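Protein chains in written order, with numbering that gives the first Met the number 0: chain A, 0 to 152; chain B, 0 to 302.
Everything labelled a hint here was simulated from the structure, so no lab data went into it. As the structure is a prediction and not an experimental result, all values here were calculated from the model. Heads up, none of these hints are tricks.
Here are the simulated SDA-like pairs of lysine to any residue, each with C-alpha atoms no more than 25 Å apart in a straight line:
1. A:K141 - B:Q224
2. B:K192 - A:E140
3. A:K141 - B:K158
4. B:K84 - A:V103
5. A:K107 - B:D85
6. B:K158 - B:H205
7. A:K123 - B:Y191
8. A:K141 - B:R222
9. A:K135 - B:Y159
10. B:K88 - A:Q117
11. B:K198 - A:S101
12. B:K84 - A:V109
13. B:K158 - B:P262
14. B:K276 - B:T142
15. B:K88 - A:E118
16. A:K135 - B:S171
17. A:K123 - B:D10
18. A:K141 - B:Y159
19. B:K84 - A:T121
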Amino acid sequence: MVKDKELQVSAIENGTVIDHIPDNQLFKVIHVLGLQNIDNLITFGRGYKSSRDGKKGIIKIENKFLDDADVNKLALVAPSAKINIIKDFEVIEKKCVQVPDSIVGIVKCVNPMCITNQEHVTTKFAVVDKENLSLKCHYCEKITDNENIRIVE
Amino acid sequence: MNNNSLVSIFDYSKEEVIEVLKLASEFEKNPNQDLLNGKVVASLFFEPSTRTRLSFETAIQRLGGRIIGFSDASSSSVKKGETLKDTIKMVDNYADLIVMRHPIEGSARYASEVANIPVINAGDGANQHPTQTMLDLYTIYQTQGTLENLDITLVGDLKYGRTVHSLIMALSRFNPTFHFVAPKELEMPAGYKVYLEEKGIAYTEHLEMEEVIDNTDILYMTRVQRERFADPLEYEKVKDVYVLCNSMLDNTKDNLRILHPLPRVNEISVDVDENPKAYYFQQALNGVYARQAIICKSLNLKK
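Isolated chain B (complex conformation):
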């Protein structure tokens, strides 16, 4: 068991979140630093996730580290029936750090208990994906200059979206005001609303984003997926309501930035891409800086 693992966003204190964001901004200024020289990082992707894996592997390469691992469980001994415990025990002997993506929920916490080296969770099923949350926080911090007292609008699938849930939990330490914009079928689950109420955090709920975007600092868009609807007619009714187009941004604040965890389908029209308020591609790049910072924190490489 290694206490430098990052399994869930709440493994970091508020101070540690800020520390990692500051470190990320140093990597943004100077991405190539040889801090992982001589270190081996195991990149274990038990299910494919090209976006997350390339981001991690870029972070490792820019730090001068070496990578072992696999990008798909079918090319590992899992296919032969090896348990997660045994795979982790083996890799624990070889590497200095494990980055793991796994379809089973709780697998990352378990791996962090089995391993002596730190484990960074790159997504454990529908449970946690803390490095996504950290890159979202970094992007908000970078574009607004602070995480405190911001007005944040989340749009789309607020029911199933793991990214959205982790983000609101993480931001709840920074006195935000939230606006949730979603169709009835995909509204924010009651459990999260109760959590915010207990913390005294203000939130409002809306069916259309026009009601709130003119006063917001961050507009976080997510995909409304057809397969989430039991009734296809319901999907047809709402699918165009949650599409952002450029003309809707005319009266928004200058500091507004539009984020999206990607991949995007049609929920942000391409005419938004050229608007300086569009920030989702930069957000993806920030994933590399945030992951460089997280890796260095796990290995105590930079203070």
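The shape of chain A in the complex, shown without the other chains:
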């Protein structure tokens, strides 16, 4: 008997599929969404061929639906990702990730002399460049750019 050697990624019944994740950002997405800390059934993979992206990553999470804070976090590491919401094995909604106008409490300010890095103050940023992801701190007014974005633990 010949076994079917094709890779099967199982469909999920209810939950969220995050598709079109830039291949090298997959583990960052897992990290920012804190998926390592939840019990839900999760399937993820990278290196999938994509006509649009070359290679892409994908994450399927059973019984989890992203809230606004999650979508904002996703926007910071994978703004090109697509979110599919699944009910009864059917895609009932497709959402693009949108970079918000402001970000509260997710990102650390790059400036070590900023009050948010000195005292227990929730960070707050205005997104000054959505394309290249450039954030202006509400407190110290310094710019945290794409390369320096670190997620608050």
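Knowing the structure of chain A, use the given hints to seat chain B on it.
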């Protein structure tokens, strides 16, 4: 949170800037006015700044207000590990207004969110120092009769100078023409030049001030500090290029005024002091009038 706080110069609209400058000119005519009678102002200097503190405290005294506070964090409970939030919460109960100087950037915005009374930022690290900007604007307004369409030359350390950056941002609302005179190592950062270009404001860059001072209305001098140079030889090469002496002023315009945020070291030779175009000591005095006006605006004391 109190909306009458002044943390950054852009907390004021253009109209509010003009309103405060007009108020400052009233205090210049009549400095002693009992508007703060019965009020307590907290003067919280978490790092020493004698010049700024004395200017504020003079402004408060001339308005008849009373002062509580400290001039150095080592004499406050910060030394015991109290957070800024707790210090502000406590003082918020006692005073009608907080004037705060703090070494941490963003501390003033945070304090203004924690306090119910207005907070005036007297400098938060390398970030903002809006009352310095207001006194610079007042001095320009007072000596030129307007802020609109002026030709303004800034000389010296244009890279690190917080005063210079705030001033060009503030003046960018008044259609100025800027000339930036600085050594390569200390030139105006690209971010500010992009900002001016987006606003359609003309600027030129120079290595020597002789190229531009004859046609300028305001000559704003700053200190070129040795410690800003990675290579001491580079400092030696440029240190005398950015020194203003009296003979250089012969062909300048009659309305030219020379400003400097002080302290001066050697960048303005003492022979300039007697020239009527030298205005830096008057500028320091204007700090008192500008701060009187800012305090009154924060407390809605005078319209």
